[in-house]
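Chain A is fixed; fit chain B onto it per the hints.
Read top to bottom, the protein sequences are chains A and B.
Residue 0 is where the first sequence starts when you use numbering that gives the first Met the number 0, and the numbers rise one by one after that.
Residue 0 is where the second sequence starts when you use numbering that gives the first Met the number 0, and the numbers rise one by one after that.
Hints are computed from structural coordinates only; laboratory data are not their basis.
It cannot be assumed that every hint is accurate.
[What the hints assert, rightly or not] In silico DSS-like links for lysine-lysine, alpha-carbon gap of 25 Å or less:
1) 491(B) with 427(B)
2) 11(B) with 106(A)
3) 119(A) with 11(B)
4) 349(B) with 14(A)
5) 131(A) with 15(B)
6) 95(B) with 131(A)
7) 14(A) with 15(B)
[Unchecked claim] Short derived list, chain B residues pointing at chain A, Cβ under 7 Å:
8) 8
9) 13
10) 16
11) 96
12) 97
13) 103
14) 105
15) 107
16) 281
17) 282
18) 387
Cβ atoms here follow ideal geometry from the backbone N, Cα and C, with glycine treated the same way.
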Amino acid sequence: MIEATKISKSFDDMKAIDDISITIKEGNVFGLIGTNGAGKSTFMRMVAGIIKPDKGTILIDDIPVYESEEAKRKFFYISDEQFFLMNSTPNEMGRFYKTVFPEFDRKKFYDFLARFELDKDRKIATFSKGMKKQLSLLLGICSGTKYLLCDETFDGLDPVMRQGIKSIFASEMEERGLTPVIASHNLRELEDICDHVGLLHKGGVLLSKDLEEMKCNIFKVQCVFNDSITEYETVTRFDVIKNERRGSLVTLTIRGDKDEIIAKIHNANPVFSEILPLSLEEIFISETEVVGYDIKKLIF
Amino acid sequence: MISKNSFFSLMKEDMKTRMWLVLLNNIILFLNFPIAIAIETQKIVKFLEEDPLFQLEDAIESLTYSIGASNGMTLILVVCMAFLAAISQFGYLYQKSQVDLYHSLPINRKRSFFMRYLNGIIVYVLPYIIYLLIAMVIISAAGLGQMAIIKEAVLGLMIHLVGYVLCYSTAVLAVCMTGNIFSGVCGIATFSGYGVLVTFLGLSMTNEYFKSYMSEYGKVEELFYYFSPLGAYLKLSDLTDKYYYGNSVLSPKNIVMWMLGCIIGAAVLSFLSYMAYKKRKSESTGKSIAFSKSKGVIKVFIMTMIVCLGTLIFGTLGYGAENLWKVIGFLVSLVLSHILIQIIYELDVKAIRKGLVSTGISAGLGILVFAGFYYGGKLYDSSQVNWEELDYAAVGMGSVYGGYNNSYYDVEEQQYMYIDEFAFENMKIEDKELIQEFAKECISNDEQKESATRVNFKYTLKNGKEVYRSYVVSYDTTRKYIPQLMENQQFKEGSNYIFKLDAEEIDYLRYYEDWSNYEEKKINMSKEEIANLFKTYKEEYLATSFKDLNENAPIFCFMPCVNEADYGENWEICKVYVYPTFTKTLALLEDAGIKIKEVKPEDMKEISITKFGEANMYGELTSEVSVSYDTSDKIEELEKVLSIGEFGYYTNFDGDENLVNQYNVTIAIENGKSGVEWVNAVFIKEIPEWLEEDIKNAAIKNEIEQAE
Numbered sequence: 000m001i002e003a004t005k006i007s008k009s010f011d012d013m014k015a016i017d018d019i020s021i022t023i024k025e026g027n028v029f030g031l032i033g034t035n036g037a038g039k040s041t042f043m044r045m046v047a048g049i050i051k052p053d054k055g056t057i058l059i060d061d062i063p064v065y066e067s068e069e070a071k072r073k074f075f076y077i078s079d080e081q082f083f084l085m086n087s088t089p090n091e092m093g094r095f096y097k098t099v100f101p102e103f104d105r106k107k108f109y110d111f112l113a114r115f116e117l118d119k120d121r122k123i124a125t126f127s128k129g130m131k132k133q134l135s136l137l138l139g140i141c142s143g144t145k146y147l148l149c150d151e152t153f154d155g156l157d158p159v160m161r162q163g164i165k166s167i168f169a170s171e172m173e174e175r176g177l178t179p180v181i182a183s184h185n186l187r188e189l190e191d192i193c194d195h196v197g198l199l200h201k202g203g204v205l206l207s208k209d210l211e212e213m214k215c216n217i218f219k220v221q222c223v224f225n226d227s228i229t230e231y232e233t234v235t236r237f238d239v240i241k242n243e244r245r246g247s248l249v250t251l252t253i254r255g256d257k258d259e260i261i262a263k264i265h266n267a268n269p270v271f272s273e274i275l276p277l278s279l280e281e282i283f284i285s286e287t288e289v290v291g292y293d294i295k296k297l298i299f
Numbered sequence: 000m001i002s003k004n005s006f007f008s009l010m011k012e013d014m015k016t017r018m019w020l021v022l023l024n025n026i027i028l029f030l031n032f033p034i035a036i037a038i039e040t041q042k043i044v045k046f047l048e049e050d051p052l053f054q055l056e057d058a059i060e061s062l063t064y065s066i067g068a069s070n071g072m073t074l075i076l077v078v079c080m081a082f083l084a085a086i087s088q089f090g091y092l093y094q095k096s097q098v099d100l101y102h103s104l105p106i107n108r109k110r111s112f113f114m115r116y117l118n119g120i121i122v123y124v125l126p127y128i129i130y131l132l133i134a135m136v137i138i139s140a141a142g143l144g145q146m147a148i149i150k151e152a153v154l155g156l157m158i159h160l161v162g163y164v165l166c167y168s169t170a171v172l173a174v175c176m177t178g179n180i181f182s183g184v185c186g187i188a189t190f191s192g193y194g195v196l197v198t199f200l201g202l203s204m205t206n207e208y209f210k211s212y213m214s215e216y217g218k219v220e221e222l223f224y225y226f227s228p229l230g231a232y233l234k235l236s237d238l239t240d241k242y243y244y245g246n247s248v249l250s251p252k253n254i255v256m257w258m259l260g261c262i263i264g265a266a267v268l269s270f271l272s273y274m275a276y277k278k279r280k281s282e283s284t285g286k287s288i289a290f291s292k293s294k295g296v297i298k299v300f301i302m303t304m305i306v307c308l309g310t311l312i313f314g315t316l317g318y319g320a321e322n323l324w325k326v327i328g329f330l331v332s333l334v335l336s337h338i339l340i341q342i343i344y345e346l347d348v349k350a351i352r353k354g355l356v357s358t359g360i361s362a363g364l365g366i367l368v369f370a371g372f373y374y375g376g377k378l379y380d381s382s383q384v385n386w387e388e389l390d391y392a393a394v395g396m397g398s399v400y401g402g403y404n405n406s407y408y409d410v411e412e413q414q415y416m417y418i419d420e421f422a423f424e425n426m427k428i429e430d431k432e433l434i435q436e437f438a439k440e441c442i443s444n445d446e447q448k449e450s451a452t453r454v455n456f457k458y459t460l461k462n463g464k465e466v467y468r469s470y471v472v473s474y475d476t477t478r479k480y481i482p483q484l485m486e487n488q489q490f491k492e493g494s495n496y497i498f499k500l501d502a503e504e505i506d507y508l509r510y511y512e513d514w515s516n517y518e519e520k521k522i523n524m525s526k527e528e529i530a531n532l533f534k535t536y537k538e539e540y541l542a543t544s545f546k547d548l549n550e551n552a553p554i555f556c557f558m559p560c561v562n563e564a565d566y567g568e569n570w571e572i573c574k575v576y577v578y579p580t581f582t583k584t585l586a587l588l589e590d591a592g593i594k595i596k597e598v599k600p601e602d603m604k605e606i607s608i609t610k611f612g613e614a615n616m617y618g619e620l621t622s623e624v625s626v627s628y629d630t631s632d633k634i635e636e637l638e639k640v641l642s643i644g645e646f647g648y649y650t651n652f653d654g655d656e657n658l659v660n661q662y663n664v665t666i667a668i669e670n671g672k673s674g675v676e677w678v679n680a681v682f683i684k685e686i687p688e689w690l691e692e693d694i695k696n697a698a699i700k701n702e703i704e705q706a707e
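Bound conformation, chain A alone:
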């Protein structure tokens, strides 16, 4: 478990992270969302032990991470600006990481390289941006660490590659309990990967929740009522987060138990009713609007 408790970090006079606490549980894919300048990279760099928080503690499996070789052996960090050794090839990078991470699985690495059609003897400098990101992810996965910290690594990966990485994540999580932590400014990039999402804004955490939990509690219902009195009586029975009307079609975003919501709608005997799936984006909009933020301005 990665535990950041009341951490703050300032650069000169600018506060980058202000008193935040985040817990990243094992066995999940943790997504860290935030706009540019929200403090995602600073948080990730602190978790990676690159920079030291001014206040607070960061523990990786109960070990303070800064300057700890033991804690640092538990994760592999992929920076938003990946660096590869001068004139190196994937093969040479694999050799380098093998000396740093003894658990580095070179066989698996070569298999992955073949699967993703990356030439192990080609100079990395000649790779495209996307290929470099793939390579970084493969190096990270093969390093055998418990955590994989990815800063903006998924942004820009094509859907096929994302799917490939996602399936590797799934198998690695199952096989050895890998916990990927992915920071991104784009919510849509993480939608199909993350289990748990933390939202950073202006150095603070707006929310941190399990996606399933959020999905199970929020529903979108479209219906047409017989009359306005029935509509009013029905709507007031729900915990409505959002109420939109287009002609006689009412779209409600409701928090609550799915069966209970269906039952109440049926009782009102509407002309038409339908429960629609919510995208992660919609869930976030709804959740953050509740706490007074217009998330569209923050993320999209």
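Positioned in the frame of chain A, the structure of chain B alone reads:
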């Protein structure tokens, strides 16, 4: 924890990423050792075969220089390699992506530092040893393998290694303290060159404000060796240089002490580098200075130096209004250095509004430095030694009696030295009252600039401490004290080089038979006869009164010489002037077949006097007026104030230099063989009033003629 094997694997991996440096160092050292030595060895072998004067000792000397510690080219290359290695090993700190990679790896800062630091040394030392060995094989294969060369090569390896580590550690510290490559290079230059500036400033300020300070006997220039790693390395290298210091100073103790000092210095710098590396925040990448708190301190150090130097430079440029230009220089250098440093610090022109406190402190310190030197100089110039503690003293007045014998060839040091240096080495005047009185008068009239000369004092105290002072003194003062000094036997012994000469070391004597064409001839004397001549001369010189020495020009001069096999030339050690009163010496010379000419008044046919005008700013004489006399009454009168003969200039110990330099006097003498011969003379006393009048009239006449 990472095991030892992993640590070395990491070092290996790290080295792989720096193959360009490995390659560069190999090329440099390959050219500097095997190739350069092969070329030199081939030349030496040829010289040995073809040139009979070129001996095996010469070959060894040449090769030991090339392969040893004092080779200047190796020194320059080592410094460059050290700086490059530091930037290569620690330059990753300037790039965020690299910092992210390396600082997220499970290698703590301590391990990371030592891995990089050691690799930076290995990358130099391994190729050095390999190519040195190859060079030694080349030398041995040419049949020149000698223990002396091996010793020098090992010493060179050690000294250059120490120098490399010293420069490398300095550069590593600079890199760890800065956040981008520009600041890093500036940092390396500052750390390496600050000592040079301190020394330059110290010397300039001392010369400006400590008027009686003798820089050649001072310690200020040695600041460079202590305040700059380059200086310390240079000193260490020079200590092994026979050509630079001479055999007498080549002391193993000196070398070991300096080497120890350099090792301690390198250790301190390495520790500071490690601390800077450990404490440095990763987020400082891209900034100018990694430690924001050190910004102000560094700025104050640099600015104070620039302000002081700027003030001095402007003061030197502003001829006639030095103080005004010093103030302008102070303000200009303060503003410019503030702007420059702030822009470098923040990479933003708007930053010039910041950092005013440190600029204020720098200005204050600059004023304090100047005030310190100004008042310190006043105190120093007026201070005297504790006369109770004085053991003996030496007075150097080479510029007063300089023409007499102002330099000599030091056989041990193999170079010409000024007579003041000889005086400081050998003169031991114990007459404290005389010295005290003379010194006090020198202090009181040190401000005089015109018609003045320089008098140097060396005081040796009873505790062995040596104190040096130099004063600008009027000729009136020197005229007053020279007669007293010349009656002092210790002064005489310490101001004439013949008292140090060992006749055994002298190969032969020579003299100028004909001064008009400087034709030299050897004096036919055995070693015993030379020793006897020296002994007799010394006795007569010491026995002769100042009055006799002063009023009678020397009538003969001989030069003791040595054969210097190393150079294939003969070296004249000094000139020894013989006075007419030295009858025994003259007799010995006559016994050796020398005929000595003496000019008598009755032989003089005409005296011609030319007076030169003042020199203009280009050093050209503005006018010259000539008069001549052939009547016996005028000749007799002039003869009384002239010192006649080729050595006339070398008398007049208490004379006025201006009097000698202003007039050119030639005398026509009846010569039995070829008619008339011209002989030079100088005024040794005030010129007669009628002569001054005649010169004035001649000048007026010249002007009228020119106007017509």
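Hints breached by this structure:
Those not satisfied are hints 7, 9 and 18.
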